[in-house]
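Please put together the full structure from these sequences, using the hints given.
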Amino acid sequence: MKKFWYALIAAVLGVTAVIYFLLQANVQDQSLYSVINVGVLPDESMDQLNYRYSPLIEYLSQQTGRSFELVPATDYNHLLTLFIEQKVDLAYLGGLTFLQSAAQQNVVPLVMRDVDMRFTSYFLVDQDSRAQDLSDLKDMPFSFGSELSTSGHLMPRHFLQLNHQIVPEDFFSEVRYSGAHDKTAYLVRDGQVELGVANSEIVRSMLRDGRLGEQDIRIIWETPPYPDYVWAVHEHLPADIRLQLQEAFLQLDSNDDQHLDILSRMGARVFLPAGIGDFQSLRQVAESLDILTPN
Amino acid sequence: MSTSIKANWARLIRQYVLQLISLYLILGTIAISYNALQRITSDQLRQIANDYHLKSNNHLLKAIDEIRLIEYQLSFHLAESEPERARLPESLQPDQPLNLSSSMYVLDSQIEQVLELHRQYPDILFDGMVLRIEQQLANLQRAVTRFSANPQFAPDLIRGLTGLHTPLSQLERLHEIQRDNQLTRLSEREQRDSLIFILLVCIALLAGVISTWRMMKAINMVIADQLQAEQRIRVFSQVIEQIPVSVVLTDTDASPIYVNKNFESASGYQSDEILGKKSGLIQSCYTPPTTYREILETLADGRTWKGELHNLKKNGDPYVEDAHFAPVFSDDGAIEHYMVIKEDITLKKMQEEKILRQAHYDNLTDLPNRFLALDRLSQHLSEAERKQEKVALLFLDLDDFKKVNDTLGHDTGDKLLIEAAERLIHVVRHGDTVARLGGDEFIILLSGLHSAADVLPVADSLVEQFRRSFSIDGREMILTASVGIAIYPDDGDNASDLLRNADSAMYSAKEHGRNVFSFFTEDMNQKVSRRLALEEQMHGALERGEFNIVYQPQIDLSDERIIGAEALLRWDNPVLEQVLPDEFIPIAEQTGLIVTIGEYVIEQALAQAVTWNQLNPSDFTIAINLSPRQFRDPNLVQFITETIDRSGLPADCLELEITEGVLMSGHAYIDEAINRLSKLGVELAMDDFGTGYSSLSYLQTYPFNTLKIDRGFVSDITEDTADRELVNATIAMAHGLGLKVVAEGVETLGQLQHLKTKGCEFAQGNYFSPPISADQLTSLLQDQAANRARLDR
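Chains as they are written, first to last, in the working numbering: chain A, 291 to 585; chain B, 573 to 1365.
One or more of the hints may lead you astray.
To be verified - Covered, in the sense of this in silico footprint (three residues per stretch, anywhere, with C-beta under 8 Å from a C-beta of chain A), are these stretches of chain B:
#1 697 to 703
#2 728 to 738
#3 745 to 753
#4 765 to 777
To be clear, the hints were calculated from the coordinates, so they are not data collected in a lab. We put the CB at the ideal spot given by N, CA and C, even for glycine.
This is the structure in structure tokens:
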């Protein structure tokens, strides 16, 4: 009889403890964030990344009064790892990468660019290519971008399946992963693959700044829009810092010349608050394609 | 089910029900309280989600729409003043023309609502944006004012509009996001709640399962124990069924719940006739209610009761049981049942009674035996001492009973004893005792007497009983009794003295004749002691030479010549001095010493006779008395024959005097002895004729030569007519039968002359000579011979 009572009390205590911990708001780490580490997706070369993000970082530093540092990542996986290990506090993640990090722990999406709401990917062929339609490219070599890329792999694959009923491994003779959007474009231009798919924004910026010429490539198909890219922070990041960052981003005004420079380098007109709900559809796609597994 | 097993069950069930209930109570409380708490928070969240975010967004969207509208209207408005307007198709024209004031009003109000909501639900997350909205609104208003004043400020207006548009969109987005988060959190909460709920349910189920499992185990154990107990019960039941005593198990109301087979057969009642019946323990009124109550009280007190119960079987037969009652305790010490173990001891009791009876009562006559008699005697004595009364002890001996047994057989003798016992019982009073001591001896105890004389009527009637003849097996016989009486405290103050004295009295009675009673007196006591002394001294007296023989001359009356002598035994003992033959002869007879003494006498007398024969040539006859006891000796005739041969005396010089007592026994060996002696030539004389039974047939049956008239008759010849006639008749009869007559105890001349006249041949007595020694007789004979010689010359 006694044993039973002990067991019961233990169980009750255990249950209470469990409930308590479930209810418990995460204790905020009181560690100092004097330096905020920022990580961005290596979907372009390092130089390009620096060009794009340095003004932003400087601006953020000004706004928050803290020093920021851009942490280089070798690839998407690396960035993910850094973020998970909290070696990066603020990260610019692609949709899929964000979902993967969210799967591992709590990440808080902060802001998105306006363009991030309606992202697309371009299917590129060489200008000389005779293909008019994706179906013409059967048994041809094909390249995705990075395997973890939303715009370079996930969504294109999804839309190939959805709109064209194409399973790349079955349809194309070869399926490659270039690892970056600009690399994909170069592969197509140089004829190494007949077809490639890349982030439309990056393609546009490449066209804008001359890395790609109008005669190099032709856009054979544009995917329907989907959400992609988000600036995210750890849940462990103190709320006041998070708020500061959020405000800083949101305050970026196109009307302001300085802001305009920052915004245009990032290809945005304005930042909007981002919520996890924005990526619901993305999550569903990722789960259906069985990609949402942490590496 | 015993109380302990019931208690066990109850305890177990209580335990587990309690556990389950408490568990569910606790878990339920936790769940409910948690649920309540969460519900409150959820509701709050939901409310916020709906009230705040949703509403805010409504307003924000309306504001954004308004801004778009303004932009659209403005573009048209601006185009109006420019030729590009012509390029715009009709369908794209706004419905309304630009109305800044009303639009501003709408904007204002919507934004105001948003701000109001923000004030209601302060949230730091929105502060920045709200601030900017306010700022931008102010900017816009200024731009509107400026534009209204001067259309040149259109770019300002446009900038102002976009400047407001951005934070509104941002805020709208944020609200949307927050609302999403809230709802997500809500659903997460709900999930969590349901998870917790499931957890609690699982715990409860688990606990329930564990409890149940443990309970099952415990139940199994209890059942196993119970089965084992039942098995043991079965085994013991069998044992109880088999044991050869009755076993009854009852509840505390003494109502039987179980009886074994032996009980059924012992009592005659089947179990279903007894079970459930109160007082089924006792089936008869033989057991008093007090005993029954006592038994129940003892049992209720937790003690055992042992004792004998008298019951009736179903068929009415009584039987006795040795019963052992005991209470049966339950495990917790309460008395649950009573049990009885009973052994039928009817047979044993009967045997005990029989043994007791046999120990105390005579088998044949059903009279108390010696043991009981003595016991009663001591009781009577102590009572008499207390009450100052007297007790009489009567020893009754049947005379010559042995003769009856020998002649008529033991069966007849037994019947005689039974009849005698009957008669004796009739004589005594209720409180008195008639007992058979053994053989033909009876003892009667009379108590509560006031004087010795009170005994007389009883003694009389006792003796009277024997005056009537006994009729046994068609025979009539007369039995007589001798009664000796001793009185307490006169003749002794203890049982053994009284017994001895009564015995002595009885012997005295015997000696006095038949059918008499005799009181014990002191000289009887002395007599007995004397007798004992004589007995004692007699043993070895012969060896010590204390015996000597004297001879009384027998005279031939025709010539007054000594022709023979009777040998008479004398005993001179240093302690006792001269003991008369009347005293010591009977003792010699009783002890059997007479045989050796007799042989001595025969030897001595014969030896003397031989010498005297030589003196008196006319065949001196020596007369020797033979007693009945001597005849019992099988060597008697042989001895006499040898002695005669050895002595050389002619057989007819020996005369054997035999009394009637010898002949009365009727034993065959006496007849044979007498005949052999007669054949030898020895002469036979009947001694003491006329004193006893004097059966004349004896004279006929046996070859007597001589008849001796007893001195009693002779002494009165001259005075008593009767005696004289008797003597005359005796002489005549004897002569008629061809017998010689010897008269004993002649003391006077007159007697002598009479006897001579009547023809009596011989005589002896003091007139002639008393018994004298051998030497004296020798000298007499010598004198006689000398005289004869003289006369002859």
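Using C-beta distances, would you say chain A covers the stretch 728 to 738 of chain B, given that this needs three or more residues below 8 Å? This one holds; 4 residues, not fewer than the three required, reach chain A with a Cβ under 8 Å.
Are at least 3 residues of the stretch 765 to 777 of chain B within less than 8 Å of chain A when you compare beta carbons? As far as the stretch 765 to 777 of chain B goes, the hint holds, because 4 residues have Cβ atoms under 8 Å from chain A.
Per-stretch coverage check for the stretch 745 to 753 of chain B, three Cβ contacts closer than 8 Å to chain A: holds (count 7)
Taking beta carbons only, do three or more residues of the stretch 697 to 703 of chain B come closer than 8 Å to chain A? Contact hint for the stretch 697 to 703 of chain B vs chain A: holds, 3 residues under 8 Å.
In summary, this structure violates none of the numbered hints.
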